[in-house]
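**Student:** Residue-level listing of the chains:
There are 2 protein chains.
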Amino acid sequence: MNSKKFEVAAYPKMWEDLDMDVARFDKARLMLGEAYEKLFLSQALRPEKMAYFDDMISEIFGGRIKEILTVKKSGKPVVGTFCVYIPEEIVVAAGGVCIGLCGGSPGSIPDAEKILPRNICPMVKSAYGFKAGRICPYFQAVDFVYGETTCDAKKKTWEILDRLVPTYVMEIPQMKRARDRALWLEEVKDFKAKVEEISGSAVSEDNLAGAIRLINRKRLALQRLTKLRANNPAPISGKDALLIEQIAFYDEPERFAAKVNELCDELEDRVKAGKGVAGDESPRVMVSGTPMALPNWKVHNLLESAGAVVVNEESCIGTRYFKDLIDEDGGSMDEQLANLTDRYMQIDCSCFTPNDERVDQVLQEYRQSGAQGILHYSLQFCHTYNIEEIKIREACEGEGIPYLSIETDYSPEDVGQLQTRIEAFLEQIGN
Amino acid sequence: MNSKKFEVAAYPKMWEDLDMDVARFDKARLMLGEAYEKLFLSQALRPEKMAYFDDMISEIFGGRIKEILTVKKSGKPVVGTFCVYIPEEIVVAAGGVCIGLCGGSPGSIPDAEKILPRNICPMVKSAYGFKAGRICPYFQAVDFVYGETTCDAKKKTWEILDRLVPTYVMEIPQMKRARDRALWLEEVKDFKAKVEEISGSAVSEDNLAGAIRLINRKRLALQRLTKLRANNPAPISGKDALLIEQIAFYDEPERFAAKVNELCDELEDRVKAGKGVAGDESPRVMVSGTPMALPNWKVHNLLESAGAVVVNEESCIGTRYFKDLIDEDGGSMDEQLANLTDRYMQIDCSCFTPNDERVDQVLQEYRQSGAQGILHYSLQFCHTYNIEEIKIREACEGEGIPYLSIETDYSPEDVGQLQTRIEAFLEQIGN
Numbered sequence: 027m028n029s030k031k032f033e034v035a036a037y038p039k040m041w042e043d044l045d046m047d048v049a050r051f052d053k054a055r056l057m058l059g060e061a062y063e064k065l066f067l068s069q070a071l072r073p074e075k076m077a078y079f080d081d082m083i084s085e086i087f088g089g090r091i092k093e094i095l096t097v098k099k100s101g102k103p104v105v106g107t108f109c110v111y112i113p114e115e116i117v118v119a120a121g122g123v124c125i126g127l128c129g130g131s132p133g134s135i136p137d138a139e140k141i142l143p144r145n146i147c148p149m150v151k152s153a154y155g156f157k158a159g160r161i162c163p164y165f166q167a168v169d170f171v172y173g174e175t176t177c178d179a180k181k182k183t184w185e186i187l188d189r190l191v192p193t194y195v196m197e198i199p200q201m202k203r204a205r206d207r208a209l210w211l212e213e214v215k216d217f218k219a220k221v222e223e224i225s226g227s228a229v230s231e232d233n234l235a236g237a238i239r240l241i242n243r244k245r246l247a248l249q250r251l252t253k254l255r256a257n258n259p260a261p262i263s264g265k266d267a268l269l270i271e272q273i274a275f276y277d278e279p280e281r282f283a284a285k286v287n288e289l290c291d292e293l294e295d296r297v298k299a300g301k302g303v304a305g306d307e308s309p310r311v312m313v314s315g316t317p318m319a320l321p322n323w324k325v326h327n328l329l330e331s332a333g334a335v336v337v338n339e340e341s342c343i344g345t346r347y348f349k350d351l352i353d354e355d356g357g358s359m360d361e362q363l364a365n366l367t368d369r370y371m372q373i374d375c376s377c378f379t380p381n382d383e384r385v386d387q388v389l390q391e392y393r394q395s396g397a398q399g400i401l402h403y404s405l406q407f408c409h410t411y412n413i414e415e416i417k418i419r420e421a422c423e424g425e426g427i428p429y430l431s432i433e434t435d436y437s438p439e440d441v442g443q444l445q446t447r448i449e450a451f452l453e454q455i456g457n
Numbered sequence: 027m028n029s030k031k032f033e034v035a036a037y038p039k040m041w042e043d044l045d046m047d048v049a050r051f052d053k054a055r056l057m058l059g060e061a062y063e064k065l066f067l068s069q070a071l072r073p074e075k076m077a078y079f080d081d082m083i084s085e086i087f088g089g090r091i092k093e094i095l096t097v098k099k100s101g102k103p104v105v106g107t108f109c110v111y112i113p114e115e116i117v118v119a120a121g122g123v124c125i126g127l128c129g130g131s132p133g134s135i136p137d138a139e140k141i142l143p144r145n146i147c148p149m150v151k152s153a154y155g156f157k158a159g160r161i162c163p164y165f166q167a168v169d170f171v172y173g174e175t176t177c178d179a180k181k182k183t184w185e186i187l188d189r190l191v192p193t194y195v196m197e198i199p200q201m202k203r204a205r206d207r208a209l210w211l212e213e214v215k216d217f218k219a220k221v222e223e224i225s226g227s228a229v230s231e232d233n234l235a236g237a238i239r240l241i242n243r244k245r246l247a248l249q250r251l252t253k254l255r256a257n258n259p260a261p262i263s264g265k266d267a268l269l270i271e272q273i274a275f276y277d278e279p280e281r282f283a284a285k286v287n288e289l290c291d292e293l294e295d296r297v298k299a300g301k302g303v304a305g306d307e308s309p310r311v312m313v314s315g316t317p318m319a320l321p322n323w324k325v326h327n328l329l330e331s332a333g334a335v336v337v338n339e340e341s342c343i344g345t346r347y348f349k350d351l352i353d354e355d356g357g358s359m360d361e362q363l364a365n366l367t368d369r370y371m372q373i374d375c376s377c378f379t380p381n382d383e384r385v386d387q388v389l390q391e392y393r394q395s396g397a398q399g400i401l402h403y404s405l406q407f408c409h410t411y412n413i414e415e416i417k418i419r420e421a422c423e424g425e426g427i428p429y430l431s432i433e434t435d436y437s438p439e440d441v442g443q444l445q446t447r448i449e450a451f452l453e454q455i456g457n
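Residue numbers (this note's numbering), protein chains in the order written: chain A, 27 to 457; chain B, 27 to 457.
Here chain A stands alone, though its shape is the one from the complex (with noise of 0.2 Å):
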């Protein structure tokens, strides 16, 4: 753990060359920076592995950046996108950034509300605020923006978002039939060209070889700490994990697959030794859900402050992006092409009719995770996860899982509320 207070790195004349709001973006940066040391470095027997990922917040708006940079200058794309059926692999193989820009913070959420309806996801919100507000260095480095129809608000708060900066949409089809899996995998040709159309050049059947198997190095990477979360005690906590989840959608895949790994090595020996983080009597909760993006950690922070342990995230941000590995197979880029759409099609994001099997993946992993209990989590006006909560719900009751479901926004209103119903969950586990 740091001694010295920890801060996020400053980079003024990098963040005004990106045509940044630099006073106000500053004391976000601040903001973030308290919010880490409180939430973070105050963890009791934190693994040492976690350094690395303390540095990745220390230099999210300042060294990654310019990594990223460095990249687009030498004229390969940066790509941002808002979902995990937006194929990074195709990205990579282009030699460029994939960026995951979903917005986490309520900060910029007042932005977006001087246009966008009140009553939408606060993700969507928030995505759309630092752009209009210019306070998220990523969005203003990003060639283009790649949206995706999963959902209402945001399909269309990209027609929106494209008159800032500009939005191309890949159109997920809504269910999974031949026919769909046939447009789908003309939209990832789609997005092919539109990649190969910033770096000039075509992408190639090695180098999206290559690509497929980094990420899926990067995914079975996150495999395997979810696998050691599974160990009682937990080796590490949920917020440190869900934080890992989140660096996964910013980091260099490379660098972050060999950190988590020398991370589980590490937690491989603790579990040896029968080391936790909390002791083997503390609730274990597996959240289920939509995704929580950084610095959302609302939830996890108060299921672990009220004395649980969080093992498992079966979300976007969580088991959903790392569970399904590509093929390797193929030769040809048709072939690597529709292995590709093949992997991408298992993604049970509860924008399909019928997508009953992530009421299965749900139970799985609860199995597997060793969970005694789940908290289905909601972002608010989420029509299509709020609806498909109701299956989840009965899956629980019907094989007798202690089951909690919030419905919560960024704010900290509901703070006082969600405590007292977490806790009447935890005791429901202790039972």
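Take the hints with a grain of salt, since some may be wrong.
Note that identical chains are pooled: a pair holds if it fits in a single copy or bridges any two copies.
Claimed, not checked - Under the rule of at most 27 Å between Cα atoms (straight-line distance), these lysine-lysine pairs were calculated in the DSSO-like manner:
#  : residue 1 : residue 2
1  : Lys140    : Lys253
2  : Lys75     : Lys301
3  : Lys202    : Lys220
4  : Lys99     : Lys349
5  : Lys202    : Lys215
6  : Lys140    : Lys417
7  : Lys298    : Lys253
8  : Lys349    : Lys140
9  : Lys215    : Lys99
10 : Lys99     : Lys31
11 : Lys301    : Lys253
12 : Lys99     : Lys301
13 : Lys215    : Lys298
14 : Lys349    : Lys64
15 : Lys31     : Lys64
16 : Lys98     : Lys140
Simulated from the structure, these hints should not be mistaken for laboratory data.
Model the placement of chain B on the given structure of chain A, informed by the hints.
**Tutor:** Just chain B, lined up with the frame of chain A:
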């Protein structure tokens, strides 16, 4: 106008046979009759030919249901739908009945909120609640329901509704390129197969051609009515016109078209005589946005009670339903289905991205209807219309069109506030 007290006719025996909650439904019947008398029969200078539509309301839970059950007994399909994207021509070609089931009443919402989230669209909740509470004879009479994927809330609610009534889903693509049209055409063929499954016989080319001509006639009659409303003074109230647009979704199409044309004959005489339902100084308002399902007359009633006359509904229950016809020149089944799909792809629902043709359509209807202001109407939590409203608003500002945007549900709670805003809007038109 009726001199005796208006009442929606009761058919308790038939309702019991349909497994309805008869006691509860009978109260709803009385309330509907009272509301209808107050809102419709009290109007001054109503066209004589509205008598037919008054009868349709009086027999909404009886006579029309009897007709539908007769069709059903003969082995023909009775299909419930929730959206103007489901091609009724195919049901009619099979000798069946297509019923628009959209829910427009607050009375059924508590039934839905027992299971569905509260913060989704009132129309979706109302529709689900009608089935859950067994308080809609149409829902009880259908062979199956055909939903679609036009919004998140509907898409996911069909999964839950399927437990109460067989519910199939048409995937409506989210863009309008060649690949989307190809997918859509396959969906239309699936729908045809499902309809044929019930009737036990294939739809013939001749029957489909006849059904296309028939539904075209129905849409043409509604177009004629719309054009007549462009006269000043308006020959018919907006409430009555909306009512007719609502009845279009459950009446027998041949008779309905004839009755709309009879009414139009009367309206033409009125126009020639310079007669109208309101003085030519009354502010003329066009309503644009989400559908107002029967008996949702809230906003029209507020507008016309405040002295305005509504002259156009740019809505699914409005021009979006009838502005486009199917090319009748198709010979083979494939040609006819292609023509049908092309027509349905012209519908400019906000579920598409982009959907800029709707902005043009709104401006065109504004000019054609002789309106003096636009009220944009969005059902609560309808993300796609609510976000697309940004573009409609900007277009109106650009053209200097007086504009008011409201987002509301079915409850009377916000009536006072809406009244104030509508009065200010009408004053703006007056100046």
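**Student:** Next step is simple, just say for each hint if it's right about the structure.
**Tutor:** The hints, checked one at a time:
{"no.": "1", "hint": "Lys140 <-> Lys253", "in the structure": "neither (44 Å within a copy, 38 Å between copies)"}
{"no.": "2", "hint": "Lys75 <-> Lys301", "in the structure": "within (15 Å within a copy, 84 Å between copies)"}
{"no.": "3", "hint": "Lys202 <-> Lys220", "in the structure": "both (25 Å within a copy, 19 Å between copies)"}
{"no.": "4", "hint": "Lys99 <-> Lys349", "in the structure": "neither (34 Å within a copy, 51 Å between copies)"}
{"no.": "5", "hint": "Lys202 <-> Lys215", "in the structure": "both (18 Å within a copy, 17 Å between copies)"}
{"no.": "6", "hint": "Lys140 <-> Lys417", "in the structure": "between (36 Å within a copy, 14 Å between copies)"}
{"no.": "7", "hint": "Lys298 <-> Lys253", "in the structure": "within (14 Å within a copy, 81 Å between copies)"}
{"no.": "8", "hint": "Lys349 <-> Lys140", "in the structure": "neither (38 Å within a copy, 34 Å between copies)"}
{"no.": "9", "hint": "Lys215 <-> Lys99", "in the structure": "within (25 Å within a copy, 51 Å between copies)"}
{"no.": "10", "hint": "Lys99 <-> Lys31", "in the structure": "neither (34 Å within a copy, 79 Å between copies)"}
{"no.": "11", "hint": "Lys301 <-> Lys253", "in the structure": "within (16 Å within a copy, 79 Å between copies)"}
{"no.": "12", "hint": "Lys99 <-> Lys301", "in the structure": "neither (46 Å within a copy, 72 Å between copies)"}
{"no.": "13", "hint": "Lys215 <-> Lys298", "in the structure": "neither (47 Å within a copy, 60 Å between copies)"}
{"no.": "14", "hint": "Lys349 <-> Lys64", "in the structure": "neither (31 Å within a copy, 60 Å between copies)"}
{"no.": "15", "hint": "Lys31 <-> Lys64", "in the structure": "within (11 Å within a copy, 71 Å between copies)"}
{"no.": "16", "hint": "Lys98 <-> Lys140", "in the structure": "neither (31 Å within a copy, 53 Å between copies)"}
Hints 1, 4, 8, 10, 12, 13, 14, 16 from the list above are not met by this structure, while the remaining hints are.
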